[in-house]
Amino acid sequence: MTGLILKDLLVMRKTVRSYLIFLLLYALLAVFDIFPLSTVTAVTELIIMMLPLSAFSYDDLAKWDRYAAALPLGRRTLVGARYCFALLMAAAATLFCLLLSVLLSIVQGALLAESIVSLAVCLGYGILIADILLPLCYKLGVERARPYMYVVIFVPVLLFFGAYQLGLISSGTFAALEALPEAALLAGVGLAALLPLLGMGISYWVSCRIMEGKEF
Amino acid sequence: MTNAIEIRDLCKSYGDFSLRHINLTLPGGSIMGLIGENGAGKTTTIKCILNLIHRDGGEISLLGHDNLREETLAKQDVGVVLDECFFHDSLRPRDVGRILAPVFQNWDHELYGDYLDQFRLPANKLIKEFSRGMKMKLSLAAALAHHPRLLILDEATAGLDPLVRDEILDEFLAFIQDEDHAILISSHITSDLEKAADYITYLHQGQIVLSESKDVILDSYGRMACTAGQLEQIDRADLLRVRRGSFGCEGLVSDRAAFRRKYPDLLVEKTTLEDIMLFIGKGEAV
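Protein sequence lines, in the order shown, are assigned to chains A and B.
All the letters of the first sequence, read from the start, carry residue numbers 758 to 973 under the working numbering.
All the letters of the second sequence, read from the start, carry residue numbers 62 to 347 under the working numbering.
One or more of the hints may lead you astray.
From the structure, some residues in chain B lie toward chain A, with a derived Cβ separation under 8 Å [what the hints assert, rightly or not]:
#: 1; residue: HIS115
#: 2; residue: HIS126
#: 3; residue: LEU129
#: 4; residue: GLU145
#: 5; residue: HIS149
#: 6; residue: LEU152
#: 7; residue: ARG159
#: 8; residue: LEU161
#: 9; residue: ALA162
The hints are simulated quantities; they were obtained by calculation from the structure and are not laboratory data.
Note that CB positions come from ideal geometry on N, CA and C, so glycine has one too.
Use the sequences and the hints to build the structure in full.
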């Protein structure tokens, strides 16, 4: 499995490098208070979680799956490696944002707890995207799964703004959230990150089922 | 000695094409050439062996291990070169070694480096800058660097120039010097198989129509030429296939010497694998 994860990293080293420069630029914008940290966190998680999907594109281009299926690994390992890669990317993005949060709490005196809350929610959302899109990529191929990617990413945002415009969500909603006991808020945030992580198990199982039925 | 490949009653149907009751044994220490026209079932057979597609029936064992129940074990000592190079353009040969090292228990970095040197493949050059010949040699180096006992090659030499093909064939012959090693190679280039193979299996429309030692085939099969009138005089049991042309008729015979004794007036000459393919593919059954 390590060979396959290494393969994804090596194939995308140029992409990873350019993403890293891009994210460092964003981090600088946050340090200079041009962008709020929560925006940088959301962009980081979103961009990094696109990498596992890009890995499918690169594999399709090289027809790698046919070769990989001929290796002594088994199809579950092939799927497992892709999920591990997604988790690795999520961990890397989280670490990056966490370090940035700590830096900003020192430099700007920003509230670390608040940054961690937004980080946990963004991490959960990033993993949720992977939970939904990875099985779709296995089932449909990355090109046909791409429209669903836009649905998964943008529909929640549109729903949120729609609800805000319709008055279903108002500033009072946020005030009510802030009024919640700290323990309840922490549990909610924890769940926002944990549930998609648990969902990854189901997503992996579905992807394995799809992969086992495939012919190369 | 354990057979390198044993296939029993393999069946696979795609609706418009069926692989029917394939039985095949590849003994250790030998090279088997799998020949047949496009769409005859060669690649389908190899895909079934490698468990790339789901078979409808039959059993396959690789080096004594069932290829489904013990897939990982069965493939551990198998090197595979398919009709394309599947390594990403953005990788380098050095990267390929790093990727495959954890995949194979017996991966040998030194041996891999030796093959790269032998095939004159720069370890740090991007694969996208390689020619087709270089890519296929890289695939072969990657297939050989874990000390496999069985090589499975699907049209691995197709589209390569004679020099590269010859270099690769030499490597196959060196590989087979160890009696524990075996090669299954599907190819359209019958001249390559005439040089290297010990056994020939001919697939036609999803069925094996011929599976025999290459020497037996080339020593005993023959091509008979005659007129349409002479053809009528020949016992049909003495001919395998017939081709009728405007200038005369040709027949494929399985025992050249016996045919010559029985029909001393008719011309029978040695045949080639390509002739046999043409007779079976385009000729009439008798």
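A quick look at each hint next to the structure:
no.: 1; hint: HIS115; result: holds, 6 Å
no.: 2; hint: HIS126; result: violated, 10 Å
no.: 3; hint: LEU129; result: violated, 11 Å
no.: 4; hint: GLU145; result: holds, 6 Å
no.: 5; hint: HIS149; result: holds, 4 Å
no.: 6; hint: LEU152; result: holds, 6 Å
no.: 7; hint: ARG159; result: holds, 6 Å
no.: 8; hint: LEU161; result: holds, 6 Å
no.: 9; hint: ALA162; result: holds, 7 Å
The structure is inconsistent with the numbered hints 2 and 3, although it conforms to all the rest.
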